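Visitor: Those protein sequences? They're chains A, B and C, same order as listed.
Going by the working numbering, the residue at position 128 of the first sequence is 128; the numbering climbs one at a time, nothing skipped.
Going by the working numbering, the residue at position 222 of the second sequence is 222; the numbering climbs one at a time, nothing skipped.
Going by the working numbering, the residue at position 247 of the third sequence is 247; the numbering climbs one at a time, nothing skipped.
No lab work stands behind these hints: they were computed from the structure.
Given the structure is predicted, the values throughout are model-derived calculations rather than measurements.
Honestly, I wouldn't trust all of these hints.
What the hints assert, rightly or not - With the Cβ distance kept under 7 Å, some of the chain B side facing chain A (calculated, not the full set):
(1) Ala63
(2) Arg112
(3) Lys124
(4) Asp128
Where a beta carbon is used, it is the ideal one built from N, C-alpha and C, also for glycine.
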Amino acid sequence: MIVFKLYFKIVLSAKFLICVYLGIFMALAIVTSTTQSPEKVYSDQKIDIAWVDKDATSLTESLKNYIGNFAIFEKIKPENVDEALFYRDILVYIEIPAGFTDKLATPNEDTIKIKAVPGAMGAYNIETALNRYLNIARSFQENNLYKGSLVAEVEKALEHSMSVQMTKSKVNNFTNITFFFGYACYIIMALLIPLVGSIMSSLNDLEIKRRNILGAISNTKMQGLLLASNLILGLMLILILLSLGIILYPDTLLTKQGLIFTVNGMVFTVTIISLAYAISTVFRSQLLINALGTVISLGLAFISGIFIPQALLGKSIQRFAAIFPSFWYIKTNDQIHAINSFAYSAMKPFYQNMLIQALYIVIFLGNTFFVSKKRMRSEQ
Amino acid sequence: MFWLIKTRLRVLIRDRANLFWSFIFPLCLGTFFYLGFGNLLGDSPFNSINLYIASDYSDANLAGFLAAIDVDEETKLFKIKADFTKEFLEQKLTENAITGYLFVENNQLYYRINENGMEQTVTKSVLDQYVQISQVILQVASTNPEKVASVTDSLQNDHRYLETIRSKRQASSNSMYIYFYALIAMTCTYGCFWGISLVNDTQANQSALAARITSAPTHRLKIIVSYSLAAFIMHFSGCLINFFYLNYILGVDFGGNIPLIILVIFVGTLCGIAFGALLSSLIKVKGNQKDGIIAMITLALNALSGLMFPDLKYLIAKYIPFLGYINPSASITDALHCLYYYEGLGHYYFYLLLLSIMTVIFITGSYLFMRGSRYDSI
Amino acid sequence: MIVRLSEVTKTYRKGVKALDDLSYEVREGEIFGLLGPNGSGKTTSINCLLGLLKFESGTIEIFDQPMGPDRYDLKAQIGVIPQNVAVFYELTVEENIDYFCGLYVKDKQRRKKLVDEAIEFVALGDYRKVHPNKLSGGLQRRLNIACGIAHKPRLIIFDEPTVGVDPQSRNNILEGIKRLNQEGATIIYTSHYMEEVEQLCDYIIIMDKGKVIAHGNKEALKNLIMLGETIEIKVEEPNDEYLKPIRELPNVLEANFKDHTLIVKSGKGATNIPNVLAILNEHRVKYGTLYSSLPTLNDVFLELTGKGLRD
Chain A
1 MIVFKLYFKI VLSAKFLICV YLGIFMALAI VTSTTQSPEK VYSDQKIDIA WVDKDATSLT
61 ESLKNYIGNF AIFEKIKPEN VDEALFYRDI LVYIEIPAGF TDKLATPNED TIKIKAVPGA
121 MGAYNIETAL NRYLNIARSF QENNLYKGSL VAEVEKALEH SMSVQMTKSK VNNFTNITFF
181 FGYACYIIMA LLIPLVGSIM SSLNDLEIKR RNILGAISNT KMQGLLLASN LILGLMLILI
241 LLSLGIILYP DTLLTKQGLI FTVNGMVFTV TIISLAYAIS TVFRSQLLIN ALGTVISLGL
301 AFISGIFIPQ ALLGKSIQRF AAIFPSFWYI KTNDQIHAIN SFAYSAMKPF YQNMLIQALY
361 IVIFLGNTFF VSKKRMRSEQ
Chain B
1 MFWLIKTRLR VLIRDRANLF WSFIFPLCLG TFFYLGFGNL LGDSPFNSIN LYIASDYSDA
61 NLAGFLAAID VDEETKLFKI KADFTKEFLE QKLTENAITG YLFVENNQLY YRINENGMEQ
121 TVTKSVLDQY VQISQVILQV ASTNPEKVAS VTDSLQNDHR YLETIRSKRQ ASSNSMYIYF
181 YALIAMTCTY GCFWGISLVN DTQANQSALA ARITSAPTHR LKIIVSYSLA AFIMHFSGCL
241 INFFYLNYIL GVDFGGNIPL IILVIFVGTL CGIAFGALLS SLIKVKGNQK DGIIAMITLA
301 LNALSGLMFP DLKYLIAKYI PFLGYINPSA SITDALHCLY YYEGLGHYYF YLLLLSIMTV
361 IFITGSYLFM RGSRYDSI
Chain C
1 MIVRLSEVTK TYRKGVKALD DLSYEVREGE IFGLLGPNGS GKTTSINCLL GLLKFESGTI
61 EIFDQPMGPD RYDLKAQIGV IPQNVAVFYE LTVEENIDYF CGLYVKDKQR RKKLVDEAIE
121 FVALGDYRKV HPNKLSGGLQ RRLNIACGIA HKPRLIIFDE PTVGVDPQSR NNILEGIKRL
181 NQEGATIIYT SHYMEEVEQL CDYIIIMDKG KVIAHGNKEA LKNLIMLGET IEIKVEEPND
241 EYLKPIRELP NVLEANFKDH TLIVKSGKGA TNIPNVLAIL NEHRVKYGTL YSSLPTLNDV
301 FLELTGKGLR D
């Protein structure tokens, strides 16, 4: 009991700092997860574009209507296009030159000018849709396949589309909590490594350690109690984050799938506690621990798929990042998002990740106890 | 004064913590960025998508059509895999091992997916095209069968109607560079740690050391200016090293106008140090707690300027522009981005002016706090 | 007068009066002691003296001139040894002393000589190139002193310089202070250790709650109180039977037992011991060792305030 009391007294002495840390991270979590979601970045959603039609024919009007399936039109003056693209008011700018329709069959002259934000995902859809419409129109025109209105024939042809089957009709959209738990991974690392490191570095102070060794509690028991204290701290953190998640997304978090996200998050927290514990055993300097905490949390956030989706990372980076537990956590987090049943086959990736995280915990804690014992002998 | 600067530099050069934040950390993070999305800094956003077709459905036309689509001269959009049964593919889809597959049911072609991800969207767009073209050919076959060959030929010779406009500067335009601009901004704002040291060592109510220095007969302004100059020399060096590492070693394109970039970094460094000094004078707690709070505030400002999620910067610019105008990190990021993006310098000077105004405010504010040498309590 | 504080009042934000109409004067060439418990205002008065703290009323003069934060001419003649070790941990011992001396002495050659002398004075010659974090507490304190005296100031202020220091280092420090005084420096020495102040100081003021409650040299201070002598006798059997007549002796102020020790506090007089022993012999009390001590400054403080210096 005395060890727990001491531990949490040290935690409370830094309560102001912890509150500031948590406050800022939670604010960022709210802002980023409500404004960011993978779906907005790369899905069948409409993007903002600017459309300037200098030809103004029925064909270009019909083309515009067709593109309206993929885009929302914003009124931007041509001279303000660069600025609008810079500030992402629009992602694509399209300008149809005068006389375009007349030269449909000779597309190398007077082409449509397009300017897009590089890498904007919706831009690809728009480009392929434009080319598709115009090539079908050209083909009809070249082969005289229309009676009356070319536009009507093209529109009729474009009514068809690929039939898509979704594996489950999602009543709930788990995209937001996927993102939330992904960002929570960064918060857990960024908070726990310096915090645990700071507390353990006070307790690992040589003189205090010597005093403890002379006390009634054995070193193994002491380490065990400290580890338990750290785990309680981690649990408190994840509960605070969960509370935030429940406030933001009650419909999705309070479900069976939400529970799986939570369990995944909790197990990862334990892994990070073990890592933080190991770091504080190996490194004594508070400055070094703070530095490591920041480098590890930010660095892993980038290469594990928190800030940049794993799918977009290079293969060699993914292989490198697979050394770290955060990579597996994010991978599983993304897989939980797409779970369509709770059968073993669907849940297999989740169970595999639990085993992987357990392995990391064993490695980190094993290292901790080994280094701690070795150090104790040398200090004695 | 030269002697004061020299001695102060001797102290700072041995300050391991601040040396780490100025010199080592930005290089580490830049390297992580480069490793993380070096893949995306080129122009090609896609790796070939594995497209699975259930083996009990074979359509040479479809497979041929899909296999022929190329992203560039060397990369095809799809890698067609048609050797698996529907049951096997369904199993893999359930396990999320694949993103989707094609199959036929009741003579209808379906694309079965778990969710609307990037690969699925792109694939669906191409499949729509196939369906539409197929329907056109079928229709022509029923109404004008003599024209089928001509129509097929016409549709297969896909003409490109679009011409992408890019200015010379945007020749290799890539939005991933925002991360690196935000990293430069973060490095500049980490001058706040030197600002904290400046206040700790000159404000008598912050440390016994500062009280001792304040009791000495050297003019207060001389000490503050010398210490500030020393801090600036240290941090500016760190920022420059970081910039040259990103630009010349990692090959990140900043647009080429090196003197103007260095000017932004110069002002940004001053801003960061002054910001730290001001916050340090305002925040009443001492020691590690103060360092932690200021580090968090700086991290938050950097996050809001696009360090973690670039889109956040645009959302703030759209809905809460005021927040962007008072964030020094955002000004630095935008100034660098403008240099890269625009031909003219108008936008760049706007953000540089914004940054300069903030710098003057921070310097004035911190000086007003620091110049007093009598305190209510020590 | 080197230093003159006149009716200085300083109140902290929460209404705590740190200095309450405080006045004292320091003569040139003396070792002036400021004695008082923690929180009595010693360090606050020093910080006001140095122009670091604001105060509401009163005046402070140093070298017969009003002191202020911009009086660099006065600051040039003052040396400060603060309570906490105030050195740069990034610099070596020699670099630290050189730096702080350099804030006072611009001439490089003269400064080098002064630095060497200061290092020798505090006996840190073997540690020139060592960083302060590698030094023990006592050695750090010595460095702290060297940084404050290297420029040979006229007035040196020591603010509790021996806190947390081992007895040997403490003796070295006190001897060093005496030497500095012999070389011509005026010393202001603050402490809550009465033994040091008694040993060192020519003139002492005792402070409590921001006020001077007594001042003078040590003899004058001890004369302020009634207590003249404390007698301690080890007895075999403590018994009220003989305690009562001892208490009734004319010069006895107080008599009690503490375990097997009889403690008798008496006023000034030459016959205190014989009178007590006479009663013990009369009652055939077996007794052993006998101690007699003169009053200390702690006794002065106790009698004046009702509490000890370290309560």
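Visitor: Work down the list of hints and note, for each, if the structure agrees.
Guide: Evaluation of the provided hints:
{"no.": "1", "hint": "Ala63", "result": "15 Å, violated"}
{"no.": "2", "hint": "Arg112", "result": "4 Å, holds"}
{"no.": "3", "hint": "Lys124", "result": "6 Å, holds"}
{"no.": "4", "hint": "Asp128", "result": "5 Å, holds"}
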